[in-house]
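Number of protein chains: 2
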Amino acid sequence: MIKIGVCGFGTVGQSFVDHVLAYQDKIIENCGREICISIIADRSIEKKKFKSESIQFTSDILSVNNSDCDVIVELIGGTDIAYDLVKSAILKKKSVITANKALIAEKGDELLALSKENNTYIGYEASVAGAIPIINTLKHNMLNESIISLSGIINGTCNYILDQMSSERKGFKEALNSAQELGYAEADPTFDIGGFDAAHKISILSMIAFEIPSPYENIHIEGIESIDSMDIDYANELGYKIKHIATARSNNSLIECKVHPALINKKNILSKIDGVMNAVRTVGDKFGTSLLYGHGAGGAATASAVVSNIIDYCIHVDRNVKNISNSIAVHRKDLVTIEDTFNQYYLRMFANDVPGVMANITSTLAKHKISIEAVTQHEPLENEKLIPIVMITNSVVFKDMLSAIKKIESMDNIVGKVNLIRVFNDD
Amino acid sequence: MIKIGVCGFGTVGQSFVDHVLAYQDKIIENCGREICISIIADRSIEKKKFKSESIQFTSDILSVNNSDCDVIVELIGGTDIAYDLVKSAILKKKSVITANKALIAEKGDELLALSKENNTYIGYEASVAGAIPIINTLKHNMLNESIISLSGIINGTCNYILDQMSSERKGFKEALNSAQELGYAEADPTFDIGGFDAAHKISILSMIAFEIPSPYENIHIEGIESIDSMDIDYANELGYKIKHIATARSNNSLIECKVHPALINKKNILSKIDGVMNAVRTVGDKFGTSLLYGHGAGGAATASAVVSNIIDYCIHVDRNVKNISNSIAVHRKDLVTIEDTFNQYYLRMFANDVPGVMANITSTLAKHKISIEAVTQHEPLENEKLIPIVMITNSVVFKDMLSAIKKIESMDNIVGKVNLIRVFNDD
Numbered sequence: 008m009i010k011i012g013v014c015g016f017g018t019v020g021q022s023f024v025d026h027v028l029a030y031q032d033k034i035i036e037n038c039g040r041e042i043c044i045s046i047i048a049d050r051s052i053e054k055k056k057f058k059s060e061s062i063q064f065t066s067d068i069l070s071v072n073n074s075d076c077d078v079i080v081e082l083i084g085g086t087d088i089a090y091d092l093v094k095s096a097i098l099k100k101k102s103v104i105t106a107n108k109a110l111i112a113e114k115g116d117e118l119l120a121l122s123k124e125n126n127t128y129i130g131y132e133a134s135v136a137g138a139i140p141i142i143n144t145l146k147h148n149m150l151n152e153s154i155i156s157l158s159g160i161i162n163g164t165c166n167y168i169l170d171q172m173s174s175e176r177k178g179f180k181e182a183l184n185s186a187q188e189l190g191y192a193e194a195d196p197t198f199d200i201g202g203f204d205a206a207h208k209i210s211i212l213s214m215i216a217f218e219i220p221s222p223y224e225n226i227h228i229e230g231i232e233s234i235d236s237m238d239i240d241y242a243n244e245l246g247y248k249i250k251h252i253a254t255a256r257s258n259n260s261l262i263e264c265k266v267h268p269a270l271i272n273k274k275n276i277l278s279k280i281d282g283v284m285n286a287v288r289t290v291g292d293k294f295g296t297s298l299l300y301g302h303g304a305g306g307a308a309t310a311s312a313v314v315s316n317i318i319d320y321c322i323h324v325d326r327n328v329k330n331i332s333n334s335i336a337v338h339r340k341d342l343v344t345i346e347d348t349f350n351q352y353y354l355r356m357f358a359n360d361v362p363g364v365m366a367n368i369t370s371t372l373a374k375h376k377i378s379i380e381a382v383t384q385h386e387p388l389e390n391e392k393l394i395p396i397v398m399i400t401n402s403v404v405f406k407d408m409l410s411a412i413k414k415i416e417s418m419d420n421i422v423g424k425v426n427l428i429r430v431f432n433d434d
Numbered sequence: 008m009i010k011i012g013v014c015g016f017g018t019v020g021q022s023f024v025d026h027v028l029a030y031q032d033k034i035i036e037n038c039g040r041e042i043c044i045s046i047i048a049d050r051s052i053e054k055k056k057f058k059s060e061s062i063q064f065t066s067d068i069l070s071v072n073n074s075d076c077d078v079i080v081e082l083i084g085g086t087d088i089a090y091d092l093v094k095s096a097i098l099k100k101k102s103v104i105t106a107n108k109a110l111i112a113e114k115g116d117e118l119l120a121l122s123k124e125n126n127t128y129i130g131y132e133a134s135v136a137g138a139i140p141i142i143n144t145l146k147h148n149m150l151n152e153s154i155i156s157l158s159g160i161i162n163g164t165c166n167y168i169l170d171q172m173s174s175e176r177k178g179f180k181e182a183l184n185s186a187q188e189l190g191y192a193e194a195d196p197t198f199d200i201g202g203f204d205a206a207h208k209i210s211i212l213s214m215i216a217f218e219i220p221s222p223y224e225n226i227h228i229e230g231i232e233s234i235d236s237m238d239i240d241y242a243n244e245l246g247y248k249i250k251h252i253a254t255a256r257s258n259n260s261l262i263e264c265k266v267h268p269a270l271i272n273k274k275n276i277l278s279k280i281d282g283v284m285n286a287v288r289t290v291g292d293k294f295g296t297s298l299l300y301g302h303g304a305g306g307a308a309t310a311s312a313v314v315s316n317i318i319d320y321c322i323h324v325d326r327n328v329k330n331i332s333n334s335i336a337v338h339r340k341d342l343v344t345i346e347d348t349f350n351q352y353y354l355r356m357f358a359n360d361v362p363g364v365m366a367n368i369t370s371t372l373a374k375h376k377i378s379i380e381a382v383t384q385h386e387p388l389e390n391e392k393l394i395p396i397v398m399i400t401n402s403v404v405f406k407d408m409l410s411a412i413k414k415i416e417s418m419d420n421i422v423g424k425v426n427l428i429r430v431f432n433d434d
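Going down the list, the protein sequences come from chains A and B.
So that you can map any letter, position 361 of the first sequence is 368 in this note's numbering, and since no number is skipped, the others follow by simple counting.
So that you can map any letter, position 208 of the second sequence is 215 in this note's numbering, and since no number is skipped, the others follow by simple counting.
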């Protein structure tokens, strides 16, 4: 009999317990052994309506480690008590299943190594993109070859907001408000729209795909706050959608990992991921291009991913061999600094309508060896005299781009800042 | 040391050997034990250029079962010698990995049961949709809940032809010719364009998702031969793409499984699967909607899926418990006969340009309790007098639709047959 201790009984915790109870027979058959939920811990356990005679309830989360459960299911979130709980569980030879992206991205190097040392299982399928089976696929189907790149639309809040700005022509604030009303964005949305959530997730995927320590501390993170409706329109005219994307790629001894909005060609399937849906695209040496699409959040979808790790735990116990599936960092690869990354760029700027402006911009770019792949000069916006100029450049190193932009912004007839958005390069 | 015998040394066989040799260290690490290719068998082995001192070569395929290899990798195809080989391998307690969809769809019930009886492993990830990890995902992540439906664009030849007809405005024959030139279609393309290949694949997915015997013998199969360029244009006007789709769904005690062309709403991500790419969409009780997209064919992609089964084999050996992952039929569910299935339909017919034709058609449909969701009457085609009429109906049972069509086709001013295409219903 495998005894499960559930820590954190919010939306995902309750969905997890519902799922296990609804499909207990099926799960037992798949596990090849009996399972039960033996204890549920939540700081506000007294406020929860769920009752069961066979389950113990406690508000003392850390006390679960003193119970006789075999597996801790950590659904608390954050890196405070969740970290203490998981670390002490591993030290007590308990296995852990967690949906906590912050924990794995920020403390995963230590916790995965500790878990390996103690030959316990640690599963975190639900920590990236909810029900999308990307971790199992990376650790299983894609394990036997080199991964070239990962790119994900892995923050539902950002995707929803950008999609609403594009399909419903809402402004950023209005789109954020709808997201908040629908429960797709938190009251303080910074963590999502600032790109930090996506950064946690791409860090975890990079750890697995490239067998490196978590790159989280050092990756370049941009949110979607600087995306204006006009950029969405101009990108659309040029054949692109704007999405918030997290990318990672391995170049010989270096890893490039970054999170930012990007123009994605409408022909690329990543441009078709609408609403709150998530998708992860992986390019491998042998399997080619793969995309996994699904619900990246929500109680039932996230809980479904947590449940899938129970099977992995049983396999771990059955095999009783070294902890093969818990990839820990074997390569120490440096991260490319953002100034040294190459990209095509979308540039949008405002100019006074005087002769020679375009010539000045283009010659400045030419001096920096930047060529222009597309350019559109628009009518002035309503009630404005300034002319919007939009360009897409060839692929150049970021530091050259920054230096060119600095020059352009200092020109007499350029007003305000140049808005730069990367163009996603299809491999 | 795990010894692998490769049977069939065509494109996939050669890609498999290349993959194993290129990534041998990685695979060994992932398996937790040594592996090697010990023997390669192909009826035309003498024509193959590949040489290796450590591998034995033979043209006698069945002799591989007399060698000391532990796992047979069957890449021959078909149900003749491949069936004899796999059956005798299992009886000799050898495990089997196969990319053979015909074998699993037509002989899988017997072979999976035999494999379970003998506690051998049988893996067939590569048999459906090449590198798309749909079988692992169904057997692992989606295993612990009910699968509501499966829908797949799982024949690259059909998808390429329909995509060329749509995006390049080619006629059917011209599109088929390009497919043949590019190696996407066989010289005799019947098996692909007639829908039989997709039927094999959806049968295998249904076996796993619904734990039923293979439905292959009884499923309704339509190919894409009846799709005309004008249908692609008319569908496009109404907001749809035409794709060849295989679907399966479980309704209480019945299974509905069919293969046919369908109009897919352009808002549905399945409509965006272009070229030769494949995708499988799954709807689950808990995980919601999932879509896995990737290369459905090609040597390297298919071989990558074969390699992933080596890991499964090692897990099977390590666990040494009952053969959990080899789903065999536990439910005996009947198939819904095609006449009893419900769908929306696209109807396209030609009428003489006389008053009252439309009234006759619509009243005939009304008598059959079929309502019309959209109708367009087009200009006559060039050099023709007949008027094309296009309709999309509500969801009705197929037998009523057939009976209404029979009446419509018997009308004086309707010329020729009514072309009927199902509309894919999003769940």
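Don't read these hints as lab results, they were simulated from the structure.
Worth double-checking, as some hints may not be accurate.
A pair holds if it fits inside one copy or across any two, identical chains being indistinguishable in the list.
Listed below are the simulated BS3-like cross-link pairs for lysine-lysine, each with C-alpha atoms no more than 27 Å apart in a straight line [to be verified]:
no., residue 1, residue 2
1, Lys58, Lys10
2, Lys414, Lys273
3, Lys123, Lys33
4, Lys413, Lys424
5, Lys146, Lys123
6, Lys10, Lys180
7, Lys100, Lys10
8, Lys10, Lys146
9, Lys406, Lys56
10, Lys177, Lys424
11, Lys10, Lys55
12, Lys340, Lys33
13, Lys413, Lys392
14, Lys33, Lys146
15, Lys58, Lys114
16, Lys54, Lys374
17, Lys274, Lys177
A quick look at each hint next to the structure:
1. Proximity of Lys58 to Lys10 under the C-alpha cut-off of 27 Å is restricted to the intra-copy arrangement: shortest distance 18 Å within a copy versus 54 Å between copies.
2. Within a single copy, Lys414 and Lys273 get their C-alpha atoms no closer than 32 Å, and across copies no closer than 44 Å, so neither meets the 27 Å cut-off.
3. Within a single copy, Lys123 and Lys33 get their C-alpha atoms only as close as 29 Å, which misses the 27 Å cut-off; across copies the closest is 19 Å, which meets it.
4. Taking identical chains as interchangeable, the C-alpha atoms of Lys413 and Lys424 lie at most 27 Å apart only when both belong to the same chain, with a minimum of 9 Å there against 68 Å between chains.
5. Both within a single protomer and between protomers do Lys146 and Lys123 lie at most 27 Å apart by alpha-carbon distance, with minima of 16 Å and 26 Å respectively.
6. In the homo-oligomer, the alpha carbons of Lys10 and Lys180 never lie at most 27 Å apart, since the shortest distance is 46 Å inside one protomer and 62 Å across protomers.
7. For a Cα distance limit of 27 Å, the shortest separation of Lys100 from Lys10 inside one copy, 14 Å, qualifies, whereas the shortest one across copies, 35 Å, does not.
8. With identical chains, the CA atoms of Lys10 and Lys146 are at most 27 Å apart both within one copy (26 Å) and between copies (23 Å).
9. Within a single copy, Lys406 and Lys56 get their C-alpha atoms no closer than 56 Å, and across copies no closer than 50 Å, so neither meets the 27 Å cut-off.
10. In this assembly of identical chains, Lys177 and Lys424 lie within 27 Å of each other by CA distance solely inside one copy; the values are 23 Å within and 47 Å between copies.
11. Only within a single protomer do Lys10 and Lys55 lie at most 27 Å apart by alpha-carbon distance; the minimum there is 21 Å, versus 55 Å between protomers.
12. Only between protomers do Lys340 and Lys33 lie at most 27 Å apart by alpha-carbon distance; the minimum there is 18 Å, versus 42 Å within a single protomer.
13. Only within a single protomer do Lys413 and Lys392 lie at most 27 Å apart by alpha-carbon distance; the minimum there is 23 Å, versus 66 Å between protomers.
14. Proximity of Lys33 and Lys146 under a CA criterion of 27 Å is satisfied in both settings, with 24 Å inside one chain copy and 12 Å between copies.
15. With identical chains, the CA atoms of Lys58 and Lys114 are never at most 27 Å apart, being 34 Å at best within one copy and 48 Å at best between copies.
16. Taking the shortest alpha-carbon separations for Lys54 and Lys374, neither the intra-copy value of 66 Å nor the inter-copy value of 58 Å comes in at or below 27 Å.
17. In this homomeric assembly, Lys274 and Lys177 come within 27 Å of each other (Cα to Cα) both inside a single copy, at 24 Å, and across copies, at 19 Å.
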